[in-house]
Amino acid sequence: QQQVKQSPQSLIVQKGGISIINCAYENTAFDYFPWYQQFPGKGPALLIAIRPDVSEKKEGRFTISFNKSAKQFSLHIMDSQPGDSATYFCAAKPDLMLTFGGGTRLMVKP
Amino acid sequence: ETGVTQTPRHLVMGMTNKKSLKCEQHLGHNAMYWYKQSAKKPLELMFVYSLEERVENNSVPSRFSPECPNSSHLFLHLHTLQPEDSALYLCASSQEGIQEETGELFFGEGSRLTVL
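In order, the protein sequence lines correspond to chains A and B. Sequential numbering from 1 applies to the first sequence in the numbering used here. Sequential numbering from 1001 applies to the second sequence in the numbering used here.
Simulated from the structure, these hints should not be mistaken for lab results. Certain hints may be false.
[Stated by the list, open to error] Using 25 Å as the maximum straight-line C-alpha spacing, the simulated DSS-like pairs for lysine-lysine come out as follows:
#1 Lys71/A with Lys1022/B
#2 Lys68/A with Lys15/A
#3 Lys109/A with Lys15/A
#4 Lys57/A with Lys71/A
#5 Lys109/A with Lys71/A
#6 Lys15/A with Lys71/A
#7 Lys58/A with Lys71/A
#8 Lys1040/B with Lys1019/B
#9 Lys68/A with Lys109/A
#10 Lys1022/B with Lys42/A
#11 Lys5/A with Lys1040/B
#12 Lys1041/B with Lys42/A
#13 Lys5/A with Lys1041/B
#14 Lys1019/B with Lys42/A
#15 Lys71/A with Lys1018/B
Fair warning: this is a prediction, and the values are worked out from it, not measured in the lab.
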């Protein structure tokens, strides 16, 4: 069964700190790993994504680290800001169907 | 209008009512999706249409009936719902092709459904 497990469910970080969210998957056919960000009252929106041929991808303060052998990937938010407070979803897909993790509610305290 | 538009944004219905949720995408995409978002299962895929053909029906009860009349419009017809169906229903679209695309999902803002 295709499954993506995400942790933690919630996270509180001080402004300027590093937020780390982890995901693990089972299906080795997954070949695309995006992260989506959702603000209250809005739909999720793509934040950053990685393919398994690279171990890390960085866009501004957001970095995905990917460990193919462990079947794990994580999102790091450097210098976390109150505006980053949102729910974050990891996901994975081999084809048309995107499987989402359970979500992490991040709160960045001023 | 741009992006993915969902109407209505809020809907309250009784268990015997019939209502429909509407989704329209202005992105020229060829795939559309219905997701259910609740506290229990944050993002649960319900239906997928690719090139106006249904390609996925994720064990969804028959009281939910999707319709995709063209590549820009998607409906979710609701009939005899249960209180546990109360949730946020999200529509999304993506561009799927022969060559490997990212398949980025573009979501609408959702329709908040309350079943009394």
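Here's how the hints hold up against the structure:
no., hint, verdict
1, Lys71/A with Lys1022/B, "38 Å, violated"
2, Lys68/A with Lys15/A, "31 Å, violated"
3, Lys109/A with Lys15/A, "6 Å, holds"
4, Lys57/A with Lys71/A, "16 Å, holds"
5, Lys109/A with Lys71/A, "31 Å, violated"
6, Lys15/A with Lys71/A, "30 Å, violated"
7, Lys58/A with Lys71/A, "19 Å, holds"
8, Lys1040/B with Lys1019/B, "24 Å, holds"
9, Lys68/A with Lys109/A, "33 Å, violated"
10, Lys1022/B with Lys42/A, "17 Å, holds"
11, Lys5/A with Lys1040/B, "14 Å, holds"
12, Lys1041/B with Lys42/A, "17 Å, holds"
13, Lys5/A with Lys1041/B, "12 Å, holds"
14, Lys1019/B with Lys42/A, "22 Å, holds"
15, Lys71/A with Lys1018/B, "44 Å, violated"
The structure is inconsistent with the numbered hints 1, 2, 5, 6, 9, 15, although it conforms to all the rest.
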